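**Q** Using the sequences and the hints given, assemble the complete structure.
Those protein sequence lines, which keep their order, are chains A, B and C.
Numbering-wise (numbering that gives the first Met the number 0), the first sequence opens with residue 0 and increments by one.
Numbering-wise (numbering that gives the first Met the number 0), the second sequence opens with residue 0 and increments by one.
Numbering-wise (numbering that gives the first Met the number 0), the third sequence opens with residue 0 and increments by one.
Note that these hints are calculated values from the structure, not bench results.
Here the structure is a predicted model, which is why all the values come from computation and not from measurement.
All residues carry an ideal CB built from backbone N, CA and C; glycine is no exception.
Treat the hints with caution; some may be incorrect.
[Said to hold, decoys possible] DEER-style ranges, computed between Cβ atoms: (1) Q87/C x P203/A: 51 to 61 Å; (2) S270/C x E136/B: 24 to 34 Å; (3) E115/A x N133/B: 29 to 39 Å; (4) N197/C x E136/B: 31 to 41 Å.
[What the hints assert, rightly or not] Pairs of lysine to any residue, SDA-like flavour, derived with a Cα cap of 20 Å: (5) K145/C x T79/A; (6) K109/A x R114/B; (7) K182/B x R74/C; (8) K140/B x Q278/C; (9) K115/B x A100/A; (10) K182/B x L161/C; (11) K295/C x R200/C; (12) K138/C x R200/C; (13) K190/B x G296/C; (14) K294/A x L252/A.
[Unchecked claim] Looking from chain A toward chain C, a few residues come up when the C-beta cut is under 8 Å (computed): (15) R71; (16) P88; (17) Y89; (18) Q90; (19) A91; (20) F92; (21) Q93; (22) E94; (23) A95; (24) I98.
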Amino acid sequence: MSRCQAVARPLARQLRPQCAIRPFTTGAARAAAAATEEVKQPSALDLDPNSVLPEFESDLIKAGKMPIGSRRRRVAMRTTASLPFEQLPYQAFQEARAILAADRQEKVAKIQEELEKIALLEKKDAALVKGGQAMKDTKLASLRRYVEQLKIQADINDPLVKKRFEDGLGDMDKPIYRHYAERKWRSYDYRLITQRIKQFNIVPDVLPKLDPVADVQLYFRQSKIPPGEIVDSLISENPPRLRVQVFNKGPRLVSLVVLDSDVPDVEKDAFSKRCHFLAANISLSPNDTSLPLSKIRADDQLAVPWLPPTAQKGSPYHRVGIYLLEQKPETKLDVAKLKELYASRDGFSLKSFRDKFSLTPVGFNMFRSVWDENTAGVMERHSVAGADVEFRPTRVHSLKPPVKPRGWEAKRQGPAYRHLWKYTKRIKGLSNARGWTKRR
Amino acid sequence: MASSTSITGLFSRLSLLSRNTTSTATATAAMTSTSTSRLFSTTSSSLARKAPPPAGGSAPKAVRRNRQAPKSENFFRIRTLRRNMFSPAPPPLRMARLRYLRHWTIHRAWQLFRRKQHEAIDKERSRMHAGMYNACEELRKTVGPGSRGEGYLYRVAMEKKGVYGLDGVPIEYARFQTDSPAKEAWNHEWKR
Amino acid sequence: MMAASSRGSRAVRGIFSSSPTICSRCATTRFYSAAAAAEIKASVTDAAPPPPTKSPYPYDIRSGLVLTRPPLLTRTLHPFENAYYFYQKRLEERLNTPFITSIYFKPDTAAQLDWSLKVQERGGTVAKELGTYHGKSSKAWDDELKVGDQLSSQESVLNSLLKDAAARVSDDAEVIAPEDVVPVERPVERLSEADKKNDVRRLDRQMERTLYLVVKGPDGWGFPADVLKDENLHEGAKRVMDQAAGVNMNTWLVGRVPVAHLVQEPVLGKSGEVQKKGQKTFFIKGRIMAGQADLKGNPFGYTDFKWLTREELEKELAPEYFRGVRNMMADR
Chain A
0 MSRCQAVARP
10 LARQLRPQCA
20 IRPFTTGAAR
30 AAAAATEEVK
40 QPSALDLDPN
50 SVLPEFESDL
60 IKAGKMPIGS
70 RRRRVAMRTT
80 ASLPFEQLPY
90 QAFQEARAIL
100 AADRQEKVAK
110 IQEELEKIAL
120 LEKKDAALVK
130 GGQAMKDTKL
140 ASLRRYVEQL
150 KIQADINDPL
160 VKKRFEDGLG
170 DMDKPIYRHY
180 AERKWRSYDY
190 RLITQRIKQF
200 NIVPDVLPKL
210 DPVADVQLYF
220 RQSKIPPGEI
230 VDSLISENPP
240 RLRVQVFNKG
250 PRLVSLVVLD
260 SDVPDVEKDA
270 FSKRCHFLAA
280 NISLSPNDTS
290 LPLSKIRADD
300 QLAVPWLPPT
310 AQKGSPYHRV
320 GIYLLEQKPE
330 TKLDVAKLKE
340 LYASRDGFSL
350 KSFRDKFSLT
360 PVGFNMFRSV
370 WDENTAGVME
380 RHSVAGADVE
390 FRPTRVHSLK
400 PPVKPRGWEA
410 KRQGPAYRHL
420 WKYTKRIKGL
430 SNARGWTKRR
Chain B
0 MASSTSITGL
10 FSRLSLLSRN
20 TTSTATATAA
30 MTSTSTSRLF
40 STTSSSLARK
50 APPPAGGSAP
60 KAVRRNRQAP
70 KSENFFRIRT
80 LRRNMFSPAP
90 PPLRMARLRY
100 LRHWTIHRAW
110 QLFRRKQHEA
120 IDKERSRMHA
130 GMYNACEELR
140 KTVGPGSRGE
150 GYLYRVAMEK
160 KGVYGLDGVP
170 IEYARFQTDS
180 PAKEAWNHEW
190 KR
Chain C
0 MMAASSRGSR
10 AVRGIFSSSP
20 TICSRCATTR
30 FYSAAAAAEI
40 KASVTDAAPP
50 PPTKSPYPYD
60 IRSGLVLTRP
70 PLLTRTLHPF
80 ENAYYFYQKR
90 LEERLNTPFI
100 TSIYFKPDTA
110 AQLDWSLKVQ
120 ERGGTVAKEL
130 GTYHGKSSKA
140 WDDELKVGDQ
150 LSSQESVLNS
160 LLKDAAARVS
170 DDAEVIAPED
180 VVPVERPVER
190 LSEADKKNDV
200 RRLDRQMERT
210 LYLVVKGPDG
220 WGFPADVLKD
230 ENLHEGAKRV
240 MDQAAGVNMN
250 TWLVGRVPVA
260 HLVQEPVLGK
270 SGEVQKKGQK
280 TFFIKGRIMA
290 GQADLKGNPF
300 GYTDFKWLTR
310 EELEKELAPE
320 YFRGVRNMMA
330 DR
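**A** What follows is the structure in structure tokens.
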């Protein structure tokens, strides 16, 4: 016993009966509380399995109703179930909302101010603006960009907006939801698609430059295909469905090209490209995202109908890319001309298509196709020739001269080393009695 | 010796010693006490645990009933630490969806609040600096006083000699701001 | 505290008593380097020859002093800050390792008895100002304070700390009866007597804010200023202060650089001759650390003085005057 203990013990012994100091365990208090609770009658809320308190659970279970959810959730349902989220009576939360609301007011006032500036500048004659029409346009564009930015900033701190976006209920016509969606896309899917563009050499092979700004997802028969996956030819027989999410405002017209960039060309001993689908004048906006290829049938849209991608036996995998190209604002392409130009699908060049009609590539996705057991059937059904051909890689011999056998044993095969033959001859797999047999 | 099998090596050696010696029991006791105090603890000898003196001069019994290792003076402290120091850390916070949304709201508001504070401070500082800059610029263009030339006052004002010395700032100026004032908040009666 | 470290001032006194331009009465305010200032004065006097001025400079150069009292108190926290700190403290309760009493208190000591008594009164909560809340219990999720609860306010934090500081167990380990508990002395109110009476002459008013000394002269309210004689700006400012407001102030001139300036253009005649000279006033910033202004016997005709905050100055000063000096004033 330490000295302190020794000193304090008689004191403590004396004190204990008088003042009954008890550390943390409040056994008596707890017992007393339990006693009072037993007297308490269950309220209407306690008969509801959604909000029953722990002490009335057993009654409820006896009555045949199981309590729902955790006890914590039930207490929350009792206290705040009837309140909307933004009115929950928590101090820090409400103070925070006040701060955020004040900030939003500021931003809205600033938007008003900028809009007035834009209106003034629009009315102003270009000759009076320093720098002329070009400067006026630049100024207007930068002011509008700033307003868009402010619109995002006004709403970015709203918890309900965040919640709605996470639930997938966001209205993509509003800048804040588009901002959230783009941030989410850029955080993973964009990186994935740029990786595919790089690793499958889409950029030098098909287009000199490709930086997607729209999210294109690929679905075959309700199942999502990750970019670059090898798809069974039976599955890709039917045209896919695209889910296209654009992140900038307003409707626009796009063209869609599905291109197989690995068609073997035997005569030239090379690969060429083949167009599997071509459509133009497809209207897209942030809010309508579904784009089923099978539904594109109109005369002013469909130029080249869907041809299932097939890979002949023995050919390496075919990269089938789906390219979304934005047309110039409010200019329609002449589909009849497209039909005429690209009726023979072979030798389609996306780069020349882009340049000829002044299009901008905005979205990309891809899958691969290889020869499988269904390919022959698919080719027959769609009368694609070449199912009976099998490609074989030509043997490329090494240009290096053959190398003599090397090593300790090989060096000691000759009669000069007769005394070592018991070590160098008749080694299993290497040599026999006549000498070195190992082929390289 | 029947009992020598049950006692520790130390004591068996001691007992051998005492059996061989023909000295008195007091000498043996003194020896025992010195050896224990050196071995077992560094406390003052009054508090240190003492081995009981051997009963007989030539035949010491198994002197220690309590055979566990001797307790150091820090025994209780160490026991407390050993029991409690390695308690597992509490689990990370887990929040339900709406609770997390509230937390996010509070966090965003706090960041906004801090940013506004910082911006206000920045603005204040640049405003004060601009005021000083303008005043100095005016001073630079000033002629005088008396027969002095243009910019004389400015050159003197820019002189940094002695600014950074030990007497640069008086010690009273290092008073911190506090949450509540002193009993006499301001000394109005200060006399030189 | 009263007697400031007077090594520097003594040195100054020695130097200035030999200098004929400044009286020994004024030689009490410390420059950050009075000796160096004197040196400079001498050297620059030698270096700069009098320029051949044909016409006299059409401005009077005046040197003024903005004497400020820095804030004595920390700022009052925003309600959101209070709520946020409280929120974070309760989250911290949920995340920290439990408080182990036996590490900090030896069993059966007076300190331990005192501690357990207090903790028991708080319902087992270790933290002093968090109300009854257990960060490790099954109800730990219920950590958010409801709207309108005063528990997060500075006042209640102060009260709980004071309550905790009072000794409940005597040195010989006897529990003190509740009526015998000596409460800890409360700290002084942040709002002083001068605030309640709105006494603008006192220096213990508006203790969260910076106060500025303004004097009432023939031209209305303004900072003390005077035309420079053959001296530098900071010397002039110090002379003005000593002559106008007396020497019984423990002050410190922050620098020799002017922090604000006012220019009054000269009135020129038709042929360009000066009818009335203009004024250029440069203000040096000073800090007061003790003492009080005393206008008795000042040579500038100042009749009254006030210690005002920035907002009050805006009302008191002429608009163009305030526009000239407002940039040097801190937000708080």
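**Q** Are the Cα positions of K140/B and Q278/C separated by 20 Å at most?
**A** holds, 13 Å
**Q** Would you mind confirming whether the straight-line C-alpha gap from K145/C to T79/A stays at or under 20 Å?
**A** Roughly 12 Å separates the two Cα atoms, so the pair holds.
**Q** At a threshold of 8 Å, is the proposed contact between F92/A and chain C supported by beta-carbon distances?
**A** holds, 7 Å
**Q** Starting from the range 51 to 61 Å, see whether the pair Q87/C and P203/A falls in it by beta-carbon distance.
**A** holds, 54 Å
**Q** Tell me if Q90/A is really an interface residue toward chain C, meaning its C-beta lies closer than 8 Å to one of theirs.
**A** Holds: closest Cβ of chain C sits about 4 Å from Q90/A, inside 8 Å.
**Q** Quick check on a hinted range of 31 to 41 Å for N197/C and E136/B, using CB atoms only.
**A** holds, 39 Å
**Q** Does the Cβ distance between S270/C and E136/B fall inside 24 to 34 Å?
**A** holds, 30 Å
**Q** Can you confirm whether the C-alpha distance between K138/C and R200/C stays at or below 20 Å?
**A** Distance of about 55 Å is beyond 20 Å: violated.
**Q** Please verify that hint: Y89/A, Cβ, nearest Cβ of chain C, below 8 Å or not.
**A** With Cβ-Cβ at 4 Å, under 8 Å, it holds.
**Q** Was the hint right that I98/A lines chain C, CB cutoff 8 Å?
**A** Since chain C brings a Cβ to about 6 Å from I98/A, closer than 8 Å, the hint holds.
**Q** Hey, does the R71/A contact hint survive, CB to chain C under 8 Å?
**A** This hint holds: R71/A lies near chain C, its Cβ roughly 5 Å from the closest one there, short of 8 Å.
**Q** For a C-alpha distance cap of 20 Å, please report whether K115/B and A100/A respect it.
**A** holds, 14 Å
Hint compliance for this structure: hint 12 alone is broken.
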